Amino acid sequence: MKKLALGLAAAMSLAFAGGANAQAYPTKPVTMIVPFAAGGPTDIIARIVGDHMSKTLGQQIVIENVAGAGGTTGITRALTAAPDGYTIAMGHLGTFSAAPATYPGLKYDPFAGMQAIGLAGGTPILIVARKTLEAPDLKAFVAAVKANPDKFNEAHAGLGSVSWTTCTLLKGQLGVPKLNAVAYRGTGPALNDLVSGQIDFMCDQIVSVAEQVKAGTIKAYAIASEKRSPALPNVPTTTEAGLPDYQIEAWNGIAAPKGIPKEAVDKLVDALNKALNDEGTQKRLLDLGTVIPTAAERTPDGFAALIKRDAAKLDPALKAAPK
Amino acid sequence: MSLNQIERAQGLRIRSSQDMAAGLFMILLAGLALVLSSDLPLGTLRQIGPGMLPKSFAVICAALGLMLCLASLRFNGEKLAGWSWRGVIFVLGGAILFGLTIRGFDLGPIKVPQLGLVVSGPLVVLVAGCAAEDVKWKELIIFAVVMTTFCALLFKYALSLPIPLAPWLLGI
Amino acid sequence: MDVFANLGLGFATVWKIVWWAPGFLQGAFAIPLPMNILLCFVGCLVGTLIGVLPGVGPIATIAMLLPITFGLDPVGALIMLAGIYYGAQYGGSTTAILVNIPGEATSVVTTLDGHQMAKQGRAGVALGTAALGSFFAGCVATVVIAALGAPLTKLALLFGPAEYFSLMVMGLCFAVVLARGSILKAFCMIMLGLLLSTVGTDLETGQERMTFGFAPLADGIDFAVLAMGVFGFAEVLRNLENPEARDVVRTKIGRLLPDWSDIKQSINPVLRGTTIGAILGILPGNGAVLGPFASYTVEKKIAKDPSRFGKGAIEGVAGPESANNAGAQTAFIPLLTLGIPPNAVMALMVGAMTIHGIIPGPQVMTKNPDLFWGLIVSMWIGNLMLLVINLPLIGLWVKLLQVPYRLMFPAILIFCCIGIYSVNNQPVDVAFTAMFGLFGYILIKLGFEPAPMLLGFVLGKLMEEKLRQALIISRGSFWTFVERPISAGLLLVAVAVLAIALLPSINKKRDEVFTE
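Chains as they are written, first to last, in the working numbering: chain A, 1 to 323; chain B, 324 to 495; chain C, 496 to 1011.
The set of hints was computed from the structure by calculation and includes no laboratory data.
Nothing here was measured: the structure is a model prediction, and the numbers come from that model.
Glycine included, each C-beta is placed from N, C-alpha and C at the ideal position.
Warning: the hint list may mix true and false statements.
[Unchecked claim] Derived DSBU-like pairs: lysine-lysine, alpha-carbon spacing no greater than 30 Å straight-line:
#1 B/461 - C/894
#2 A/139 - A/319
#3 C/894 - B/479
#4 B/479 - A/267
[Unchecked claim] Going by beta-carbon spacing under 8 Å, a handful of chain B positions derived as facing chain C:
#5 345
#6 367
#7 381
#8 388
#9 401
#10 419
#11 422
#12 447
#13 451
#14 483
#15 492
#16 493
Just chain A, with the same shape it has in the complex (with noise of 0.2 Å):
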């Protein structure tokens, strides 16, 4: 009751005074908006450590589902919110990096226009095929694929999706920027007709590709970061395979409105960080393949700094891709 009657005042107090007092920060829950469709990895990751981060922050964080546009309908809607700290987004790679290149009408701007919080995970992209594909190895497979683009099919979950982005990358550094694209409507449908052989290779996230791999129903020809990961330990990284400049992580992040609070700036940060330290929520990251950020990346100009890291690195592959 007491709780009750002393967060009743709180409101009050703020709505009379019109404005977040920062000492109090946060006084009322805190909408995080996911530019997704609940269950995929960008949702699961925000639920996991905005669980924790609502203990730190002694207010509830709930996300909210706005997806659209390839989840810049979701972005534009968190930052175009009030900058009070009550609004913040989860992006990943596609929303806060590739956007700018992807979409010419984009109504945000990722690099001057929003407040990085940090990051807060990193899944690493595997590049994969069908398992009757002939090229034995990834060396094999470039050689193929340069000297007969037209006889290979690619997947993809639709433009402006990591699977879409990842592989234009690969493509763009390939030289082969028009090899055939089969979109699909999710990873899960495009996952389905790689097993079934009906498509030659695809580049995703480890979570919705592992099992399939260990499986043995489709191949991995490398992981597309510095190190192998745990959880395929037999899968060679680009560098080991013969493709370096192939270096790739659809890392999910938090953002907010340019120019909230600086009490709540420090707030969100903190409450990231420790959500990163907890060792419970260290292990469901790490369940998914999640690499956990370094201490660097989990503050704001980290974020900031590999967000035009690799929207720079993108961007040539971006531009030349067939839209």
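Dock chains B and C against the given chain A, drawing on the hints supplied.
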């Protein structure tokens, strides 16, 4: 049902105003779709473009509409029935008001703050309730309050969906 | 004998007793609870509730409940979430029958005859038939998963883009049979549905199509928005126009449960519906959507008097409802045996499993046998629970019909508004639904039936996607649809269905050419 047979029919007059209107409606919608999709490339068979299917569907819609119109000249059918504005205005208006107020709205000069379910709920019940010819105000007002409370408990608390209740008053 | 050992493991898992030591007792003693059974019950109850509420679907609810399941063990969590899913399929028919609002694509068909039955004072019989048919279908489908799950997986892998395209074409030919009146008008509605399905951002090129540059339309028209507009809102407008018709519904209350003659009439449709639904449910890419439509088509075609359909034929409820539930259950096969989710709800189940550290894949059955078999057994128990929950509720639902319409429709409206809002948390969707309500009202006035349009809309998106995929893979050759045997077979069925639908009318007198 070729054209010849239809023209052979004695005299050209509209034998089913409903079918005639239906045909014209289809042609109108098809025309709208064709205009809207005019700048979309057709693509090739090998790589079908974004415009291929919308345009084909629109053309087929127009053709079917034309057949309906012609059929209405040949076959007897139903007449166009009357139209009730009362229901359209209050029922649909109520729903639109709900959409405008639940999270607030900002379109040029018109600004509506985020009012939440506490306001939007009674609003939709009261406005829509006007559509009934036998509206009883006292009953409707009580019903609006009861329904809103029930919905708030059900959706917000039992199902914990993120619906704003009254951000301006309660902060949630 | 393996199956029995496995089912035994499943039963043991479901009946597992958990010693629950509540915090407020401070460890004084623990209470033995059959936790998984309780979770199954909670899931079924919540599922029924959200199924009945228009708009609020299993997707939103499961997403909201995901964090709550963090504290549970994975088997219990999945049993509960699965209960919500098939419970919602059960509950969805209630709204379709009582107020003509299909909560999901699969209950569109139920509105056709189910709501007509309600209008004739047979709401109780319709609800009872739906519940009993669904229960039977659920039980059969569970046995199918247990006994044939693994071998049937191969069926899913036989279907490539070309086969799916042909399947969709076949589905559209079914829609012609759905029509109650003019076949020409049914064609119009199918094409209009297909046209509406192309609205939104193009998957391949990202170009916006027919969106008026309006951002909320960028992802196309939501099914719930369209269905609730042209069915729910338009029905309210239609009822407000004829006060006499709706008061008849109110005063005539018939039997609450189907009697022996109803059951005899429903047995064969239920058997056929279960078979059709179970087969289509296995196909990934949401083949389950076609189940109820296919079942309805079959029932109407083999009926002695097809003109009864659309006017409250009990077969039109029994068959499709069984197909719906059988499909909902067998849709778990691709998820459990391949690790590939066939629809949005199953994708969410993948999410739920992932959160609990079980990454779905082809090895779930061998690596987590207690999860696999526990889930299957829980489905059977869940279906029994749903019957126990739903049969007594029928009386309550039928009583709700006695509420004066002047209060009933504002209540329908507020539920619809909140429901639509919660689908995407987009207030604009509510305004769109109102617009589609007007659109649906116009369609009624022009003598069009909205059901074929909804089928066209649902199949349109898949059809375009699969057509484009198939043609890219075949490098632009249409022969791919004929060369592949399964695809060719499906197209043959499509032609046959169309011929059966059109031929009788060709022999009739000219004035009747366009009516069935």
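The hints, checked one at a time:
| no. | hint | in the structure |
| --- | --- | --- |
| 1 | B/461 - C/894 | holds, 23 Å |
| 2 | A/139 - A/319 | holds, 26 Å |
| 3 | C/894 - B/479 | holds, 26 Å |
| 4 | B/479 - A/267 | holds, 27 Å |
| 5 | 345 | holds, 4 Å |
| 6 | 367 | holds, 7 Å |
| 7 | 381 | holds, 6 Å |
| 8 | 388 | holds, 7 Å |
| 9 | 401 | holds, 6 Å |
| 10 | 419 | holds, 5 Å |
| 11 | 422 | holds, 3 Å |
| 12 | 447 | holds, 5 Å |
| 13 | 451 | holds, 5 Å |
| 14 | 483 | holds, 5 Å |
| 15 | 492 | violated, 19 Å |
| 16 | 493 | violated, 17 Å |
Violated hints, in rising order: 15, 16; the structure is consistent with all others.
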